[in-house]
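Using the sequences and the accompanying hints, generate a full structural model.
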Amino acid sequence: MMTARDALSRSAPFLACLGLLGIWQLAALALKTDSLPTAWEAVRAVPSILGDKESLVNILASLRRMAIGFGAGVMVSVPLGLTMGRSRGVASFFNPLLMIIYPVPKAALMPIIMLWLGIGDVAKILVIFLGVSLPVIYHSFQGAKAVEEKMLWSGAAMGLSAAQRMVRIVLPAALPEIFTGCRTGLVLALITMVTSEMIARQSGAGNILFNALDMGQYDTVYAMIIIVGAMGIGLDVAFESLRRRLVRWSEPGFDIPIGFA
Amino acid sequence: MNPRAVISDVLLGIVPIALLITLWTALVSFGYAPAALLPPPRVVLTRLAQQLFSLSYQQEIAATLFRLFTGFSIAVILGVIVGLAAATSPAVNTVVRPLVRVLAPLPKVALYPAFMLLVGFGHESKILLVAADALFPILLSTYSGASMVEQKLIWSAMAAGTPPRQILFKIVLPAAAPSILTGCRISLVISCIVVFLAEMITSTDGLGHVLVTAARTFHAVDMFVPLITISLLGLILNGLLEGLRAYLLRGFPEI
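Here the protein sequences come in this chain order: A and B.
According to the working numbering, the first sequence holds residues 759 to 1019 in order.
According to the working numbering, the second sequence holds residues 16 to 270 in order.
If you are wondering where the hints come from, they were derived from the structure by calculation, not from laboratory data.
Just so you know, these numbers come straight off a predicted model, no measurement behind them.
Among the hints, a few may not be true.
Stated by the list, open to error - Estimated spans, in silico, between C-beta atoms of each pair:
(1) V107(B) <-> K790(A): 28 to 38 Å
(2) L814(A) <-> L67(B): 39 to 49 Å
(3) I826(A) <-> E257(B): 34 to 44 Å
Note that the Cβ used here is the ideal one computed from N, Cα and C, for glycine as well.
This is the structure we're talking about:
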């Protein structure tokens, strides 16, 4: 049975969205400038963007690149992070390198990578891959490091090989942490995608946003902001419900991802 | 850990970095990559040293640092205040929590065009973007730090007759300090990255603008230099804040 209180707390983020749009609407009505259309005007422009074949193809191509970059990032980073967490040698091999890479703005590599690989999909996917990797490696590392030794010993005593222990003990035990990393990684993938498209200005969602800005189509600018924002929130909510389903037995320390480019 | 293990760890850590630089040098010197696309490390480092002593480059760094610190300071002040308020007052919490839930995963960089339209193309829009991106890690770590303060500490302070306002400054804030400072460290590096990206997207000065100008004229060396500069700045600021944290938290139990 869902009580009224439960219903309220469940719909709170939705109410927050409505509240933000409401504040926007009031601010726009109060300011009355061309550079801030009302929320209603911006929301109304959303269907026309998604209905336009070219923009839709562009946005879907962006999402496809993001999915590939994210998938590849997770597939490389999780095994690397887990190995680092279980072997001190591997950890001290990679840690200084990762520490140096940490403050590099990944999306800023776009112009350099484009110089080498051209303006195709490969450069864009590579940048997203780089953006996703660090948080996933870090969280997998922390997760694997925290696995109880006793479980590994029992596994070894029962005759599991090192590889089997990794897959059957370390991986499940580190899964909650890995999911936290993936969630941050997912938000980061979106941020890196939009940012790199804004910098490279070739195609994609970030490019539509800035073209509209250059042409003074402010409705489109704000509608694109709503679309990108909705993608961020939507992906995060979807991933969170997936996480709840898969690792029901653990509660995350932070229930909100911290994202950065 | 014994000193020998530390030394072997450090040596092991140098290996991949050394390998990377060797690979970089080899690629150029054996002619696999043209120097116009991948300048040799020696050239990049010479150029970096040269630029760091040139006045115009120092002015670009100053512009970037100004935006970085203004945005970061706004984020620290707002984040700590809102975080503390949300942790201590249930009413504030019910409003802030869903708002943060929605705004934290939102890609802030998408708001940048709106910031530009609203506050102009100069410093303000970049500062606003830095503040927006740096805010949430600080807010969340303040909130989690302040809500995990031991209730017994607060009760004993109340029993000793401390007024409620002083409890906030004498008990809650110091107890949450380790967590707050960790949040600040994450945010500082984020600020470095974001300010650079904002300058790359639209700007007339700053390190990010130097990179974009170099990219338009295909000067590969000058593309590497600002990128290395901002990364070094990130590393240095991160180190400084870590030092500050260690100094402020001397005597605290290890966290």
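Hints versus structure:
no.	hint	in the structure
1	V107(B) <-> K790(A): 28 to 38 Å	31 Å, holds
2	L814(A) <-> L67(B): 39 to 49 Å	47 Å, holds
3	I826(A) <-> E257(B): 34 to 44 Å	36 Å, holds
The structure shown violates none of the earlier numbered hints.
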